[in-house]
Structure formats: structure tokens, C-alpha cells
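Using the sequences and the hints, build the whole thing.
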Amino acid sequence: MKFTLKVWRQKNAKDTGQFETYNISEVENEMSFLEMMDVLNQQLIKEKKDPVAFDHDCREGICGMCSMVINGHPHGHQKATTTCQLHMRSFKDGDTIVIEPWRAKAFPILRDLAVDRSALDNIIQAGGYVSVNTGSAPEANAVPVPQDMAEKAMDAAECIGCGACVAACKNSSAMLFLSAKVSHLALLPQGQPERKKRVISMMKAHDEAGFGSCTNTGACEAYCPKGISITNIARLNREFLSAALTSEYEL
Amino acid sequence: MKLDSKIPAGRLEEKWENYRSKCKLVSPANKRRIDVIVVGSGLAGASAAATLGELGYNVKCFCFQDSPRRAHSIAAQGGINAAKNYQNDGDSIYRLFYDTLKGGDYRSREANVHRLAEASVQIIDQCVAQGVPFAREYGGLLANRSFGGVQVSRTFYARGQTGQQLLLGAYSALSRQIASGSVKMYNRHEMLDVVLIDGKARGIIARNLITGELERHGAHAVVLATGGYSNVFFLSTNAMGSNVTAAWKVHRKGAFFANPCFTQIHPTCIPVTGGYQSKLTLMSESLRNDGRVWVPKKKEDRLKPPHQIPEEDRDYYLERMYPAFGNLVPRDIASRAAKVVCDEGRGVVKSGYAVYLDFSDAIKRLGKSVIASRYGNLFDMYQRIADDNPYETPMKIFPAVHYTMGGLWVDYDLSTNIPGLYAIGEANFSDHGANRLGASALMQGLADGYFVLPVTIAQFLADEIRTPPINTEHEAFKEAESQVGQQLDRLLNIKGNKSVDDYHMALGKIMWDKCGMARNKQGLIQARKEIQALRNEFWQNVYVPGTQNEFNPELEKAGRVADYLELGELMVIDALNREESCGGHFREEFTDNGEALRDDENFNFVSAWEFTGTGNDPILNKEALVYENIKPSTRSYK
Ligand SMILES: Cc1cc2nc3c(=O)[nH]c(=O)nc-3n(C[C@H](O)[C@H](O)[C@H](O)COP(=O)(O)OP(=O)(O)OC[C@H]3O[C@@H](n4cnc5c(N)ncnc54)[C@H](O)[C@@H]3O)c2cc1C
Ligand code: SF4
Ligand code: FES
Numbered sequence: 075m076k077f078t079l080k081v082w083r084q085k086n087a088k089d090t091g092q093f094e095t096y097n098i099s100e101v102e103n104e105m106s107f108l109e110m111m112d113v114l115n116q117q118l119i120k121e122k123k124d125p126v127a128f129d130h131d132c133r134e135g136i137c138g139m140c141s142m143v144i145n146g147h148p149h150g151h152q153k154a155t156t157t158c159q160l161h162m163r164s165f166k167d168g169d170t171i172v173i174e175p176w177r178a179k180a181f182p183i184l185r186d187l188a189v190d191r192s193a194l195d196n197i198i199q200a201g202g203y204v205s206v207n208t209g210s211a212p213e214a215n216a217v218p219v220p221q222d223m224a225e226k227a228m229d230a231a232e233c234i235g236c237g238a239c240v241a242a243c244k245n246s247s248a249m250l251f252l253s254a255k256v257s258h259l260a261l262l263p264q265g266q267p268e269r270k271k272r273v274i275s276m277m278k279a280h281d282e283a284g285f286g287s288c289t290n291t292g293a294c295e296a297y298c299p300k301g302i303s304i305t306n307i308a309r310l311n312r313e314f315l316s317a318a319l320t321s322e323y324e325l
Numbered sequence: 021m022k023l024d025s026k027i028p029a030g031r032l033e034e035k036w037e038n039y040r041s042k043c044k045l046v047s048p049a050n051k052r053r054i055d056v057i058v059v060g061s062g063l064a065g066a067s068a069a070a071t072l073g074e075l076g077y078n079v080k081c082f083c084f085q086d087s088p089r090r091a092h093s094i095a096a097q098g099g100i101n102a103a104k105n106y107q108n109d110g111d112s113i114y115r116l117f118y119d120t121l122k123g124g125d126y127r128s129r130e131a132n133v134h135r136l137a138e139a140s141v142q143i144i145d146q147c148v149a150q151g152v153p154f155a156r157e158y159g160g161l162l163a164n165r166s167f168g169g170v171q172v173s174r175t176f177y178a179r180g181q182t183g184q185q186l187l188l189g190a191y192s193a194l195s196r197q198i199a200s201g202s203v204k205m206y207n208r209h210e211m212l213d214v215v216l217i218d219g220k221a222r223g224i225i226a227r228n229l230i231t232g233e234l235e236r237h238g239a240h241a242v243v244l245a246t247g248g249y250s251n252v253f254f255l256s257t258n259a260m261g262s263n264v265t266a267a268w269k270v271h272r273k274g275a276f277f278a279n280p281c282f283t284q285i286h287p288t289c290i291p292v293t294g295g296y297q298s299k300l301t302l303m304s305e306s307l308r309n310d311g312r313v314w315v316p317k318k319k320e321d322r323l324k325p326p327h328q329i330p331e332e333d334r335d336y337y338l339e340r341m342y343p344a345f346g347n348l349v350p351r352d353i354a355s356r357a358a359k360v361v362c363d364e365g366r367g368v369v370k371s372g373y374a375v376y377l378d379f380s381d382a383i384k385r386l387g388k389s390v391i392a393s394r395y396g397n398l399f400d401m402y403q404r405i406a407d408d409n410p411y412e413t414p415m416k417i418f419p420a421v422h423y424t425m426g427g428l429w430v431d432y433d434l435s436t437n438i439p440g441l442y443a444i445g446e447a448n449f450s451d452h453g454a455n456r457l458g459a460s461a462l463m464q465g466l467a468d469g470y471f472v473l474p475v476t477i478a479q480f481l482a483d484e485i486r487t488p489p490i491n492t493e494h495e496a497f498k499e500a501e502s503q504v505g506q507q508l509d510r511l512l513n514i515k516g517n518k519s520v521d522d523y524h525m526a527l528g529k530i531m532w533d534k535c536g537m538a539r540n541k542q543g544l545i546q547a548r549k550e551i552q553a554l555r556n557e558f559w560q561n562v563y564v565p566g567t568q569n570e571f572n573p574e575l576e577k578a579g580r581v582a583d584y585l586e587l588g589e590l591m592v593i594d595a596l597n598r599e600e601s602c603g604g605h606f607r608e609e610f611t612d613n614g615e616a617l618r619d620d621e622n623f624n625f626v627s628a629w630e631f632t633g634t635g636n637d638p639i640l641n642k643e644a645l646v647y648e649n650i651k652p653s654t655r656s657y658k
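Sequence order for the protein chains is A and B. Quick note, the working numbering runs 74 ahead of the 1-based positions in the first sequence. Quick note, the working numbering runs 20 ahead of the 1-based positions in the second sequence.
Some hints could be false.
[To be verified] Here are the simulated DSSO-like pairs of lysine-lysine, each with C-alpha atoms no more than 27 Å apart in a straight line:
#, chain 1, residue 1, chain 2, residue 2
1, B, 577, B, 515
2, A, 120, B, 529
3, B, 388, A, 120
4, A, 166, A, 226
5, B, 388, A, 153
6, B, 51, A, 120
[Claimed, not checked] Here are some of the chain B residues that sit facing chain A, going by a computed Cβ distance under 7 Å:
#, residue
7, 23
8, 71
9, 95
10, 144
11, 149
12, 156
13, 162
14, 184
15, 192
16, 196
17, 200
18, 202
19, 576
20, 577
21, 647
22, 648
[Said to hold, decoys possible] Covered stretches of chain B (in silico footprint by chain A; criterion: 3 or more residues with CB under 8 Å from a CB of chain A, positions within the stretch not fixed):
#, segment
23, 79 to 87
24, 578 to 590
Don't read these hints as lab results, they were simulated from the structure. Bear in mind the structure is a predicted one, so any value in this text is a computation, not a measurement. We treat Cβ as the ideally placed atom computed from N, Cα and C, and that holds for glycine.
Written as C-alpha cells, this is what we have:
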């Protein structure tokens with residue numbers, strides 16, 4: 075297979091950046107998208123040019139590191155798939171493919187396709203945990219958790235923190251990400267003691283990090299590689315409202 | 021040098037309890053004045069950093085990814101073992117200890133493994149309290165599944181994403197400490213050397229991977245939780261960035277490297293399809309609970325569509341060879357058996373290197389929906405990569421490099437032979453002997469990080485309470501920093517004609533062909549020569565683009581491959597030296613009817629290698645393994 079690639083190149087955060095066009099042949103059907111990028115980089119290295127910087131690690135769709143906007147779609151056109159799990163067999167020979175980084179105010183570009191997503195960590199640090207020190211936990215089966223609750227919590231906990239929801243949202247909101255963590259812990263008995271405090275402080279951190287607000291367009295859900303449901307955002311809003319109405323914590 | 025493993029005296033079941041009751045402590049007021057560096061934020065590193073922070077130490081934690089949550093532990097699929105005996109099937113701490121020791125082919129320490137089994141129980145409690153959504157039964161209690169090499173059901177799991185959920189638990193604990201100020205997190209930082217002052221580990225040199233700047237970080241003690249070195253084989257199931265650099269740099273500064281040749285080849289991975297391939301994908305071992313492994317009996321059937329091969333023409337070779345454990349034999353045995361049938365010419369893909377993992381019986385027995393609920397995400401992953409539907413056609417699988425049992429030598433305290441330098445998780449050599457059983461790496465990483473290291477490190481730190489903060493203007497820091505800078509310059513200035521990947525692939529091929537699933541003397545001698553030649557060529561002809569002071573992933577890779585080119589040689593030397601077959605180390609000369617032939621008389625020891633200069637013969641230090649409670653026997657899974 076052969077492709078024309080238009081790739082966003084940007085030397086560092088200060089550089090303005092621009093698209094560069096590359097032609098690439100010798101792409102095989104079975105290659106993953108990132109393996110195709112490896113081929114491009116090997117080609118650039120052989121020409122003594124700078125390879126394209128991009129984030130990736132597990133290449134199994136679980137670490138959340140890979141992050142490319144492909145032809146306008148975060149993680150590409152295939153549903154519920156990370157960039158690293160997208161395969162070239164889903165493109166047509168001869169296609170032109172446009173590759174860009176996540177674009178959002180809260181995610182400054184570091185180089186080429188790699189962005190800084192530490193704002194997502196900041197949200198978790200604001201309360202995405204249960205305050206339980208090592209060694210102080212009760213016996214694991216002491217508190218049964220209804221199976222359907224555990225399953226629902228797991229559905230939300232599958233979020234890989236990639237930030238595609240932010241990249242897909244016209245407001246650059248991280249509400250899907252935030253709602254996944256809030257839901258995961260709100261659904262479990264272990265998450266109850268800090269339930270109100272958590273949602274209030276995480277919401278605050280979300281807004282302070284420069285993420286926009288949610289206007290329910292649903293783009294996040296459509297592009298989430300882990301199928302995190304937008305109903306989590308509805309739950310987040312309920313959690314927030316009820317916490318705000320009943321809690322003594324400051325907003 | 022005489023190696024002291026510092027195993028406490030007393031009865032096996034009481035050693036750890038006694039140790040904890042009598043060991044030194046550091047008072048809360050003093051903890052505040054003590055700095056600890058933790059390199060790594062996987063299960064081992066994140067759990068250690070969080071726990072040390074909770075205890076009141078000042079912690080600095082480093083990882084090379086953009087967030088601690090992305091450490092390679094995130095990719096673990098199948099589960100974590102614990103001796104809870106919730107299934108009432110006869111499990112106990114002793115049985116977990118015994119299975120792990122036997123699974124490791126009697127090449128690990130009794131006391132360490134027993135401590136691990138004890139801690140396993142607490143790990144599950146801790147994780148559940150953090151909100152890890154483990155699978156549950158209808159009644160709301162925790163569910164279990166079986167893993168290879170054991171006859172009880174003791175594996176806890178969260179769908180096929182157990183590592184993810186455990187790591188997110190540890191990451192949440194870490195995040196809480198970061199928010200409280202007790203842990204400072206350094207993402208996108210790579211440790212490139214350790215700094216020793218008066219023989220003690222007192223800090224590290226790290227490169228900020230965004231700006232390229234070298235930074236000095238001082239601390240009273242340094243903990244490495246930097247994972248395994250499977251990527252020395254180029255193709256493995258590990259994440260692309262997994263590396264040996266941190267461990268190798270401390271080895272070069274005097275820390276012993278133990279049992280480097282003990283590597284694990286996992287039996288169920290998606291086979292290699294082409295030369296462009298960048299990594300291999302694991303299909304969790306839990307699949308062997310319900311999947312049956314087979315190849316055609318007749319060579320000429322090997323490329324026939326599987327449903328056209330009638331039952332009587334199929335060879336369910338694991339069930340045939342190992343009736344007691346069947347498809348659930350340990351990994352080393354399952355991998356080798358796959359190699360044998362493929363070497364006989366019965367492999368089921370064109371290249372000849374694949375066998376079937378077939379779910380049709382299980383689907384008939386349990387229904388598709390049960391199978392989907394157990395393995396749905398794995399089946400999806402398979403379909404995405406292989407473009408084939410495993411509900412209808414059997415999966416094609418083949419062994420791939422997966423885990424490294426070898427690593428930095430540590431004593432019972434998890435201390436390396438350099439005072440103040442600790443190694444935990446996959447980075448150390450400790451608990452899995454010559455073969456790791458499934459679902460035990462997560463257990464070990466979390467045992468080390470949550471429950472062991474935070475206790476044992478106090479033995480060292482209790483004597484450091486009068487040591488002021490480490491001054492990073494010390495000569496030792498300057499020198500280490502300048503050496504790191506020089507190596508980076510050197511790599512950038514070669515400006516040769518081949519890419520880093522070219523060398524990495526070439527090294528991987530040597531390692532896989534000659535130091536992989538089966539090894540022999542002649543091949544290993546040859547491999548050593550080839551690696552030396554490849555290394556020399558690398559330092560003359562590699563091309564690393566860009567500069568030092570920028571975001572430069574190729575430069576990062578170059579440094580890692582440079583270290584792999586040294587480690588590979590040590591692995592070969594170790595494999596050559598160990599003239600026996602045990603666990604994942606299979607020497608073709610030492611076999612009995614095709615099965616591994618261990619030699620307890622001559623090789624019942626840990627090989628702890630001492631660095632003497634690149635390309636020189638390293639010095640072998642032996643730690644004898646003493647079995648007081650279990651009598652090593654020939655492992656039998658028949
Ligand atoms: C696909 C797959 C599936 C698995 N499934 C299971 C399973 O089901 N059950 C099980 O028990 N085990 C499983 N394992 C094994 C297990 O996941 C690993 O052994 C374990 O997670 C290792 O944890 P760790 O904390 O030691 O290291 P890692 O998770 O590898 O973490 C290493 C950390 O060190 C950091 N680091 C490394 N080098 C440097 C450096 N130079 N400078 C700064 N930071 C550095 C990294 O950033 C990272 O944070 C699996 C492994 C794989 C590959
Ligand atoms: S919610 Fe989905 S898109 Fe957003 S960070 Fe999580 S996995 Fe990525
Ligand atoms: S590289 Fe890990 S999710 Fe894509």
C-alpha cells in the first residue's frame with residue numbers, strides 16, 4: 075500500500091508549527107497505524123531528517139499514551155479503537171492521511187504529535203482516590219459489592235486517560251474523563267465516605283486546568299476508545315448537584 | 021565476594037513476623053527529614069512511593085512516560101494471585117508458597133517466597149479498599165479463576181485488565197500523596213545514572229525528556245522499580261519503552277546482576293506476521309482455562325482450515341503429554357511443547373510458527389455469552405490484530421518473550437549490594453526462580469511496594485537520621501552528570517548510517533535464535549561474539565538525529581539499545597555458565613526425555629554477576645540456595 079501523509083510538525087511549544095507532506099510506500103495490510111509511522115520515521119532517519127515525535131508505549135490500547143488526530147478524528151475513524159490498535163487494512167491504498175496532535179488549551183504541544191496531558195493527572199490528584207493508607211484496609215470480603223454495581227464501576231474504570239474526549243470536544247471539556255472516575259468511585263461502597271468532597275474538588279480542578287464546560291454534543295463518547303458512556307456525565311452532574319446542595323464544602 | 025542474603029533466623033512461618041516485630045524504625049519526626057528517590061511508577065514503584073509518602077518520608081518519584089498511570093504494569097491482563105482460599109478448595113499460604121517455589125523450578129529463596137505468599141492476602145484487602153473493581157460472584161463476594169501450574173483457583177481479576185485496575189489503584193494512592201506534598205512526581209524524566217558517595221547510593225542523574233536538560237537529584241536512599249528487560253529481544257510483549265537502563269547503570273557502578281538468563285517465554289501470544297512488526301501481543305494465560313491447544317497430527321494438514329480437520333486427526337498435545345495439568349501446565353513447559361510440535365513441521369501458519377487455541381468445546385459447553393463475559397475484551401483484541409473471529413475459528417498463537425525473572429541481586433531487605441540502593445518489582449531477581457507462574461508478578465510488585473520495602477528500608481534509613489540533605493554540588497554528582505552528558509554527545513556525534521532500530525532488531529534476532537527458548541553451548545559462544553561485533557559496529561555506525569537539548573525520542577532509544585547491547589552479552593554468559601536446564605532456561609545438552617534436567621548438585625545457586633568493564637569477563641558470585649522446608653524434586657506436571 076502507498077499513502078500520502080500530511081503530518082503536523084512543530085519543533086517545540088513555542089514554534090508555530092505547520093503541516094509537512096510525505097509519501098510512503100511499502101505499507102502492509104497487517105501493520106498497525108503506529109507501525110506505519112515507524113516506517114515513515116525509519117525513512118526520515120535514512121534521509122538524515124528529524125523523525126516525527128509521537129507518544130506511544132504499550133501498543134495494546136491500554137496505556138493511553140498514543141494520541142493522534144487522524145483525518146480529523148481523534149484515534150482515527152474506527153469506533154472504540156486507540157491509535158495503536160488501528161490497522162492499515164482499514165485505509166484505502168493511495169489515500170491521503172492527515173495526522174495532527176490533540177488540540178486543546180489544556181494540552182500544550184511539546185513536539186510534533188506529542189502533547190502535555192498533566193492536566194488530567196491534576197484532576198485525579200484533586201480527589202480521584204479513596205483515602206486509605208497501606209495496611210489499614212479491612213478484610214476484602216467484609217463488604218460484599220453487588221455484582222451489577224461492580225460491573226458498572228468497572229465499565230467506568232476502564233478509562234485509559236488518553237484525552238481523546240477532550241480532543242473531540244469543541245469546548246475541550248474533560249467531563250467524560252472526570253465523570254468516569256467520579257462514577258467508578260461513587261458506585262462502590264468504598265467510595266462513599268468522600269463522595270461529596272471528591273466530586274466538588276475534582277470539578278474545581280477540571281475548570282482550573284483550562285478545560286471547557288460540557289454542552290452535551292456527545293462527541294466525546296463517539297471517539298472514546300474504551301466506550302465510556304456519556305451517561306457518566308449525567309451521573310457526574312447529579313453527583314455534583316446533590317453534593318453542592320447538601321454539603322458543607324465550599325464551591 | 022560472599023553474598024549475605026540476610027534471611028532472618030527462625031521457623032519459615034515466623035521469619036517475617038519476627039523481623040517486623042524487631043526491626044529498626046524511624047520516628048515520624050525523623051522521617052520528615054529523610055529523602056527517598058523511587059525510580060518507576062509501575063505497580064512496584066507507585067505502591068512504594070505512595071506508602072513511603074504516607075509514612076512521612078519525602079519522596080521523589082520518576083517515570084519516563086507522561087503520567088505515572090502509564091507504566092507498563094497497566095498492560096497486565098489476567099490476574100493476581102492471593103492465598104485467600106475463598107473458594108474453599110484447599111488453598112493456603114503454604115500452598116501458594118509451595119506452588120511458586122516449585123513453579124520457579126527451585127531456584128528462588130524459601131524465605132522470600134513465603135513472605136510473598138503472606139503479603140498476598142493483604143494486597144487484596146488493600147486494593148479492594150482503594151476501589152479496585154475486581155470481578156464478583158452474584159452474592160457480591162470476590163470471584164476467582166485458575167492460572168497455569170496450580171490446582172486451586174486463587175487468581176483475582178478485573179476482566180482482562182487486572183494490571184490496569186491495580187495500577188490505577190496504586191496511582192490513586194500515589195496521586196493522593198502528590199496532592200498532600202509528600203511525593204513529588206517527575207514525569208517524562210529518565211534516570212541515566214546513580215550517584216554514589218562513600219559507597220552509598222545518594223541520588224540520580226535524570227534527563228528531563230521534554231527539555232533534554234540533565235538534572236541532579238539527591239536522596240538518602242534510592243529505590244529502583246524500573247521493570248524488566250524483555251525488550252533486549254526487540255520483539256516482546258512489553259511496552260515499547262520498557263528498558264534495562266536504570267538497572268544496567270547501577271550494575272556498571274557495582275550492583276550485582278542476578279540470573280540474567282532466566283527469561284520467560286509466554287506460550288500464548290499472537291504470532292509474528294511480518295518484518296515491520298514492532299511488538300508482540302499477549303493473549304492472557306487465563307484463556308487456557310477454557311481453550312484447548314492443538315495442532316494437526318499430520319504435517320500435511322497444517323494449512324488446512326481447522327474445521328476440516330476431524331477430531332481424530334488433531335493432537336491436543338498438552339493434554340496428551342501432561343494429563344494431570346493438561347492445558348494448564350506452567351508457561352515454560354507449554355512454550356517448549358509448542359516449539360517441539362512446530363519444529364516437527366506441524367505449525368499451523370505459513371511460517372510454521374503457530375498452534376491453535378480452540379474455544380469451540382467451551383462455547384458448546386457454556387455458551388457464547390459466558391465465554392464473552394470471561395474473555396470478551398481479549399477476543400476483541402485478537403480480532404482487531406489478527407482480523408479473524410475467535411468465536412468461530414480457533415486462535416493462532418505462539419510463544420513470545422514476556423517477562424524477566426533475572427534482575428538486580430537483592431537480599432531479604434530488597435537491598436542491592438550497594439548500601440542505600442534498593443530494587444523492587446520486576447527489576448529485582450527475587451521470587452520467581454527460573455520460571456514465574458502466571459498472576460504472580462503483580463502480586464510480587466505490590467508485595468514489595470506496599471508491604472515489604474517500606475519496612476525493610478528503615479533498616480538502612482534508621483542509621484541515616486543524622487545525615488543532612490544530600491548536597492548535589494558534591495563532586496560525585498558533577499562527575500556522574502558529566503559522564504552522562506558525554507555518552508549522549510557520543511551517541512549524537514557518531515552520525516553513522518544505520519538507525520537505532522536496525523541494531524535493536526539485529527540484537528533481538530541473535531538473542532531469540534541463540535539465547536531464546538532453547539540454548540546450547542556452541543550457539544551461546546557464537547552469540548557472544550556476534551553481540552560484541554554488533555556493539556562495536558553500533559558505536560561506529562549508528563545514526564541518532566537531533567540534539568541533546570530537545571525532546572528527542574530517538575536519543576532515548578539509542579541509550580536504551582546501547583545498554584541492551586551490554587546486557588545481552590551478560591545473559592549469554594550466564595546461560596553458558598549454567599550447565600543445566602531449569603524453568604525458562606533450557607539447555608539442549610541437559611535434558612531427560614525432552615524434559616528439562618536440573619542439576620541441584622552443581623547449580624543450586626543464584627548467579628550474581630559483577631561488572632568488570634564492557635566486553636570483559638564478569639566475576640561470578642554465587643549465593644547458595646538453602647532448602648530447609650521443601651525438598652527440591654523433579655517438577656512433574658504429568
Ligand atoms: C502484556 C503483559 C501482561 C501481563 N499480565 C500479567 C498478569 O496477568 N499477572 C501478573 O502477575 N503479571 C503479568 N505481567 C507481568 C507484570 O505486568 C509485570 O511484571 C509488572 O507489572 C512489572 O511491574 P513493575 O512495577 O516492576 O515495573 P513496570 O510496570 O514495568 O514499571 C516500570 C516503571 O519504571 C519506569 N522506568 C523504567 N526505566 C526508567 C528510567 N531509566 N528512568 C525513569 N523511570 C524509568 C517506567 O516509567 C515505569 O514507571 C504481564 C506483563 C505483560 C507484558
Ligand atoms: S473517557 Fe475515553 S476518551 Fe476520555 S480519557 Fe477516558 S478513555 Fe480516553
Ligand atoms: S500505545 Fe498504549 S494505548 Fe496506544
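Hint check results:
1. With a C-alpha separation of about 15 Å, the suggested pair residue 577 of chain B and residue 515 of chain B falls inside the 27 Å cut-off, and the hint holds.
2. Proximity of residue 120 of chain A to residue 529 of chain B is assessed by CA-CA distance (about 22 Å); at most 27 Å being required, the pair is judged to hold.
3. This hinted pair does not check out: residue 388 of chain B and residue 120 of chain A have alpha carbons roughly 49 Å apart, beyond 27 Å.
4. Distance check on the hinted pair: residue 166 of chain A and residue 226 of chain A sit about 38 Å apart at the alpha-carbon level, beyond 27 Å; violated.
5. Among the hinted pairs, residue 388 of chain B with residue 153 of chain A is consistent with the structure: their alpha-carbon atoms are about 23 Å apart, no more than 27 Å.
6. Our distance criterion of 27 Å between C-alpha atoms is broken by residue 51 of chain B and residue 120 of chain A, whose separation comes to about 53 Å.
7. Contact between residue 23 of chain B and chain A, as hinted, is not supported at the beta carbon level, the nearest pair being about 30 Å apart and thus beyond 7 Å.
8. Hint on residue 71 of chain B holds. Least Cβ distance to chain A is approximately 4 Å, under the 7 Å limit.
9. At its closest, the beta carbon of residue 95 of chain B sits 5 Å from a beta carbon of chain A; the interface hint therefore holds under the 7 Å criterion.
10. The beta carbon of residue 144 of chain B is positioned within 7 Å of a beta carbon in chain A (closest approach about 5 Å), and the interface hint is therefore held.
11. The beta carbon of residue 149 of chain B comes within 4 Å of a beta carbon in chain A, closer than 7 Å, and the hint placing it at the interface holds.
12. The criterion of a C-beta within 7 Å of any C-beta in chain A is met by residue 156 of chain B, whose closest approach is roughly 5 Å, and the hint holds.
13. Checking residue 162 of chain B against chain A: minimum C-beta separation of about 6 Å stays under 7 Å; hint holds.
14. Checking residue 184 of chain B against chain A by beta carbon gives a least distance of about 6 Å; that is within 7 Å, so the hint holds.
15. At its closest, the beta carbon of residue 192 of chain B sits 4 Å from a beta carbon of chain A; the interface hint therefore holds under the 7 Å criterion.
16. Against a cut-off of 7 Å between C-beta atoms, the interface hint on residue 196 of chain B holds, since the closest Cβ of chain A lies about 5 Å away.
17. Hint status for residue 200 of chain B relative to chain A: violated, with the closest Cβ pair at about 9 Å, above 7 Å.
18. The restraint placing residue 202 of chain B at the interface with chain A is violated, with a minimum CB-CB distance near 12 Å, outside the 7 Å limit.
19. Annotation: interface hint on residue 576 of chain B violated; nearest CB of chain A at approximately 10 Å, more than 7 Å.
20. Restraint check, residue 577 of chain B versus chain A: the minimum CB separation of about 10 Å is more than 7 Å; hint violated.
21. Taking 7 Å as the C-beta cut-off, the interface hint given for residue 647 of chain B is violated, the closest approach to chain A being about 31 Å.
22. With a least beta-carbon distance of about 29 Å to chain A, the hint placing residue 648 of chain B at the interface is violated under the 7 Å criterion.
23. Interface restraint, the segment 79 to 87 of chain B with chain A: holds (3 residues with C-beta to C-beta distance below 8 Å; minimum three).
24. Coverage of the segment 578 to 590 of chain B by chain A is violated in this model, with 0 residues showing a Cβ closer than 8 Å to a Cβ of that chain against a need of three.
This entry does not satisfy hints 3, 4, 6, 7, 17, 18, 19, 20, 21, 22 and 24, going by the numbered hints stated previously.
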